[in-house]
Amino acid sequence: MTRYENQTFNKKTLVVDGNRYISCTFVDCGLVFRGGDLPSFNRCTFTRTQIQLEGAARTTLNYLTVLNGQGLFTNVNGVIANVKKGTLPVSTRPESCDGQATGTNYAALLGVIGVFAAIFLLIGVGIWWGFIYHPEENLLAQTQPLYVEIPLDVMPALPENLALAYDDHLEGQSDILQTYGWVDDEESIAHIPIDEAMNMMLEDGLPSWQASGG
Amino acid sequence: MEKMESKIFRNETVIVDNTQFVDCDFEGASLLYQGGALPTFEKCKFVGVSLQFGDAAANTLQFLSRLRVGGFSPAVDRLLESVRKPK
Numbered sequence: 005m006t007r008y009e010n011q012t013f014n015k016k017t018l019v020v021d022g023n024r025y026i027s028c029t030f031v032d033c034g035l036v037f038r039g040g041d042l043p044s045f046n047r048c049t050f051t052r053t054q055i056q057l058e059g060a061a062r063t064t065l066n067y068l069t070v071l072n073g074q075g076l077f078t079n080v081n082g083v084i085a086n087v088k089k090g091t092l093p094v095s096t097r098p099e100s101c102d103g104q105a106t107g108t109n110y111a112a113l114l115g116v117i118g119v120f121a122a123i124f125l126l127i128g129v130g131i132w133w134g135f136i137y138h139p140e141e142n143l144l145a146q147t148q149p150l151y152v153e154i155p156l157d158v159m160p161a162l163p164e165n166l167a168l169a170y171d172d173h174l175e176g177q178s179d180i181l182q183t184y185g186w187v188d189d190e191e192s193i194a195h196i197p198i199d200e201a202m203n204m205m206l207e208d209g210l211p212s213w214q215a216s217g218g
Numbered sequence: 010m011e012k013m014e015s016k017i018f019r020n021e022t023v024i025v026d027n028t029q030f031v032d033c034d035f036e037g038a039s040l041l042y043q044g045g046a047l048p049t050f051e052k053c054k055f056v057g058v059s060l061q062f063g064d065a066a067a068n069t070l071q072f073l074s075r076l077r078v079g080g081f082s083p084a085v086d087r088l089l090e091s092v093r094k095p096k
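Which chain is which? The protein sequence lines are A and B, in order. Each residue of the first sequence is one higher than the one before, starting from 5 at the first, in this note's numbering. Each residue of the second sequence is one higher than the one before, starting from 10 at the first, in this note's numbering.
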């Protein structure tokens, strides 16, 4: 974009694409537009100045002529009306964004690349050292079993014949329930047949251990 | 120039620059012109089409519109009316 300020153009043909004119005077000039960036005219005066379209700008009008020749009168008339009203049927496609980083600071760029390269190098060395060079030290040595085996000799030994062992145990318990005997001689605690104990409880109620002194 | 022949464009945006359309149908399509090489249409049918302009073509229409507002309405109108006159 070229900026022109306070200039007088006399009998010249000017390509105006993208230019900015401020307080300029145009006398007997031709303003040529080729479809590039829009020019701007601020506080300018024009005397016997003509408009000329070239390149893509001329082709655009020719395109409208072609469409008109194809019978698209309504569409073409609509475009012309919109140009006159200032409401243009421009493309609805999103405009491209300007570049976010357009500088030429190559030293900074190299620095950033170097930092990223160093980070990737460190990660690569770590992976190589941990998984390739010393895999047994870093992985296998620190692993723990998911369960601890219980040695068999710690478990209680089962009798060879469970039925006989059960009968012996039941007989012993039945003897205790049906006979008299000492539970603890020193403490003078004895056991009596359970039927007798039940009758005593029915007749006398629960014994008072505190009152009898044990 | 690319050649499109016996195609149907239905409810889509068609970039027409630099294209030769032959025996094509445009149904509800949007013709997008961006100021490139002039397209040609031979034996084509248009139903419910709309026009869109981008890049240089849009710039051109905007340029004419601004000039018209800025005092060049006779010149701009002459250019626009030339479109509707058969060559």
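Honestly, the hints are just simulated from the structure, not real lab data. Only a predicted model underlies this, so the values are computations on that prediction, with no experimental measurement involved. Treat the hints with care, since some could be wrong.
[What the hints assert, rightly or not] Below, computed lysine-lysine pairings styled on DSS-like, alpha-carbon distance capped at 30 Å:
id, chain 1, residue 1, chain 2, residue 2
1, B, K94, A, K89
2, B, K16, A, K88
3, B, K16, B, K54
[Said to hold, decoys possible] From the derived model, a few chain B residues whose C-beta atoms are all more than 10 Å from chain A:
id, residue
4, I17
5, G37
6, R93
[As the list claims (entries may be wrong)] Residues of chain A clear of chain B, computed beta-carbon distances all greater than 10 Å:
id, residue
7, R7
8, K15
9, N72
10, K88
11, E153
12, L162
13, P163
14, E190
15, L210
16, P211
Just so you know, even glycine gets a beta-carbon here, dropped at the ideal spot from N, CA and C.
Going through the numbered hints above, which ones does this structure break? Give me the numbers in ascending order. Numbers 2, 6, 9 and 10, in rising order.
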